[in-house]
Amino acid sequence: MNPEEKLAELGLKLPPAPKPAGVYKPLIITGNLAYVSGHGPLRTDGTLMTGQVGTDIDLEGGRAAARQVGLTILATLKEQLGSLNRVQRVIKLLGMVYATSDFLEHPQVINGCSELFVDVFGPDKGVGTRSAVGMGSLPGKISVEIEGTFEIRS
Amino acid sequence: MNPEEKLAELGLKLPPAPKPAGVYKPLIITGNLAYVSGHGPLRTDGTLMTGQVGTDIDLEGGRAAARQVGLTILATLKEQLGSLNRVQRVIKLLGMVYATSDFLEHPQVINGCSELFVDVFGPDKGVGTRSAVGMGSLPGKISVEIEGTFEIRS
Amino acid sequence: MNPEEKLAELGLKLPPAPKPAGVYKPLIITGNLAYVSGHGPLRTDGTLMTGQVGTDIDLEGGRAAARQVGLTILATLKEQLGSLNRVQRVIKLLGMVYATSDFLEHPQVINGCSELFVDVFGPDKGVGTRSAVGMGSLPGKISVEIEGTFEIRS
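Those protein sequence lines, which keep their order, are chains G, X and P.
Just so we're aligned: the first sequence equals residues 1 to 154 in my numbering.
Just so we're aligned: the second sequence equals residues 1 to 154 in my numbering.
Just so we're aligned: the third sequence equals residues 1 to 154 in my numbering.
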């Protein structure tokens with residue numbers, strides 16, 4: 001199955017592709033790489049998942065936010081590329097968690113996004129390189145922000 | 001008008017291209033991409049704009065710092081590439097704000113840099129992908145640090 | 001001398017190449033670039049160097065952690081590429097320090113990694129672009145995390 005068929009089979013509901021919150025583009029293609037701007041956890045109703053992991057929300061809440069960021073990135077990829085089938089593979093994710101100073105489990109949080117990409121793009125092409133780190137603050141107190149680089153078919 | 005003509009028309013005064021503050025190069029070209037190291041807000045007198053956004057300085061102070069980072073990046077691009085006219089377009093910026101834990105408006109801060117790039121490179125080529133996030137600390141307490149990737153002409 | 005000969009001459013002992021701590025790959029090659037995931041300071045005994053720079057450890061402790069991250073990245077490069085001699089040059093490092101809010105010397109910390117790369121890859125090819133910044137938190141309270149991009153020979 002290709003990514004679009006996978007998306008349908010899993011019954012995943014994507015949020016609307018977000019409008020830029022500043023002076024930037026959601027996605028830019030150069031060569032065979034698509035660079036994707038930092039995305040937040042946009043719900044299908046247009047609201048954002050907010051709160052610091054470790055105080056306002058717990059690990060599971062953080063994982064859910066990271067998964068929602070993944071769905072939001074899929075919405076942008078689909079809108080900008082025309083089809084998720086143009087995604088050849090995940091190259092790189094920078095997973096940024098709005099967390100307390102003593103939070104320990106950033107990889108487990110960002111897995112919420114990475115596991116979604118495995119479901120949609122497969123266990124090889126869906127897995128890229130990654131950093132999962134803790135930010136002092138994020139725009140509008142969103143719980144997770146993720147930017148990515150994807151290899152695409154022309 | 002090309003970027004060099006735009007720079008002159010706007011009467012923008014660039015700071016000196018900064019010397020590396022550690023073991024790194026300001027800019028490296030591979031293929032048609034120029035990678036630019038993290039830059040701080042260097043004033044034309046050689047001092048840096050410092051202070052945490054949300055305590056020491058406010059949103060407008062942060063925006064001014066981000067704009068000054070943009071001018072500093074332009075100084076590096078001009079020195080390393082010979083001319084700003086070799087910049088084909090902005091691909092990606094990582095905008096890092098030294099902010100309080102509850103700061104909300106990172107995109108508005110980093111717009112200070114992005115709007116400068118629109119002025120110099122134009123409303124399409126001057127706008128790339130972007131993340132705008134909050135750091136726990138930055139070198140020498142600079143208010144903003146931005147790294148970038150640019151597509152260039154050979 | 002090539003990098004493998006340099007490594008032997010310096011008597012550097014690499015830790016084991018780390019297993020991914022989440023859903024990601026240690027390294028991915030696209031074109032002539034190798035993207036390397038965020039790495040922590042893994043000791044040869046398999047433990048990690050932890051603690052916040054500015055409270056738990058000082059600048060020298062941070063530098064030592066950054067150097068250990070560099071050794072860990074070398075372990076991954078060697079395992080994934082077969083030989084360090086396939087590394088053409090360092091393109092980019094993102095050096096992330098787990099530091100207090102008022103820490104000032106991130107570049108000096110990350111130099112611990114960069115100086116190691118100079119020793120192994122040489123004073124030109126071992127020096128890339130870089131950002132050195134302070135994170136609010138890092139996985140398992142590691143002191144330093146660094147991700148990188150390297151140009152490689154095919």
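Please note that the accuracy of each hint is not assured.
To be verified - Which bits of chain X does chain G cover? Going by a derived footprint, with three or more residues having C-beta under 8 Å, they are: (1) 72-81; (2) 100-110; (3) 133-145.
What the hints assert, rightly or not - In silico EDC-like pairs for lysine to aspartate or glutamate, Cα to Cα no more than 16 Å straight-line: (4) Lys-78/P with Glu-4/P; (5) Lys-25/P with Asp-45/G; (6) Lys-19/P with Asp-56/P; (7) Lys-13/P with Asp-56/P; (8) Lys-141/X with Asp-102/P; (9) Lys-25/P with Glu-115/G; (10) Lys-13/X with Asp-56/X; (11) Lys-78/G with Asp-124/G; (12) Lys-25/X with Glu-115/P; (13) Lys-25/G with Asp-124/X; (14) Lys-141/G with Glu-4/G; (15) Lys-6/X with Glu-115/X; (16) Lys-141/X with Asp-56/X; (17) Lys-141/P with Asp-102/G; (18) Lys-25/G with Glu-115/X; (19) Lys-78/G with Glu-4/G; (20) Lys-6/G with Asp-124/G; (21) Lys-141/G with Asp-102/X; (22) Lys-19/X with Glu-115/X; (23) Lys-25/X with Asp-45/P.
Bear in mind the hints are in silico, worked out from the structure with no lab data behind them.
A virtual CB, placed ideally from N, CA and C, is assigned to each residue, including glycine.
Status of each hint after checking the structure:
1. With 0 residues bearing a CB less than 8 Å from a CB of chain G, the region 72-81 of chain X misses the requirement of three and the coverage assertion fails.
2. Coverage of the region 100-110 of chain X by chain G holds. Counting CB-CB distances below 8 Å, 10 residues qualify, and the rule asks for three or more.
3. A count of 5 residues in the region 133-145 of chain X with a Cβ less than 8 Å from any Cβ of chain G is obtained; the coverage claim is therefore met, three being the minimum.
4. The straight-line distance between the Cα atoms of Lys-78/P and Glu-4/P is roughly 9 Å, inside the 16 Å bound, and the hint therefore holds.
5. In summary, the hint linking Lys-25/P to Asp-45/G is not supported, as the alpha carbons are separated by about 33 Å, beyond the 16 Å threshold.
6. With a C-alpha separation of about 26 Å, the suggested pairing of Lys-19/P with Asp-56/P is violated against the 16 Å cut-off.
7. At roughly 26 Å between alpha-carbon atoms, Lys-13/P and Asp-56/P are farther apart than 16 Å, so this suggested pair is violated.
8. Restraint check for Lys-141/X and Asp-102/P: satisfied, since their Cα atoms lie roughly 7 Å apart, inside the 16 Å limit.
9. Proposed proximity of Lys-25/P and Glu-115/G is supported: the alpha carbons are some 13 Å apart, at most 16 Å.
10. Taking the CA atoms of Lys-13/X and Asp-56/X, the gap is about 26 Å. The hint is violated against a cut of 16 Å.
11. Note on Lys-78/G and Asp-124/G: the hinted pairing is violated, with a Cα-Cα distance of about 20 Å set against a maximum of 16 Å.
12. A hinted pair counts as satisfied when its Cα atoms are at most 16 Å apart, and Lys-25/X with Glu-115/P qualifies at roughly 13 Å.
13. For the hint pairing Lys-25/G with Asp-124/X, the CA-to-CA distance comes to about 9 Å; that is within 16 Å, so the pair holds.
14. Under the criterion of a C-alpha separation no larger than 16 Å, the hint pairing Lys-141/G with Glu-4/G is inconsistent with the structure, at around 32 Å.
15. A distance of roughly 13 Å separates the Cα atoms of Lys-6/X and Glu-115/X; the hinted pair therefore holds under the 16 Å criterion.
16. Between Lys-141/X and Asp-56/X the alpha-carbon distance is near 10 Å, which keeps this suggested pair within the 16 Å criterion.
17. Taken as a hint, the Lys-141/P and Asp-102/G pair is honoured in the structure, with Cα atoms around 7 Å apart against an allowance of 16 Å.
18. A C-alpha spacing of about 13 Å is found between Lys-25/G and Glu-115/X, which places the hinted pair at or below 16 Å, so the restraint holds.
19. With a C-alpha separation of about 9 Å, the suggested pair Lys-78/G and Glu-4/G falls inside the 16 Å cut-off, and the hint holds.
20. Between Lys-6/G and Asp-124/G the CA atoms are separated by roughly 15 Å; this keeps the pair inside 16 Å, and the hint holds.
21. With a CA separation close to 7 Å, the supplied pair Lys-141/G and Asp-102/X stays within the 16 Å bound.
22. This hinted pair does not check out: Lys-19/X and Glu-115/X have alpha carbons roughly 25 Å apart, beyond 16 Å.
23. Taking the CA atoms of Lys-25/X and Asp-45/P, the gap is about 33 Å. The hint is violated against a cut of 16 Å.
When each numbered hint is compared with the structure, violations occur for hints 1, 5, 6, 7, 10, 11, 14, 22, 23.
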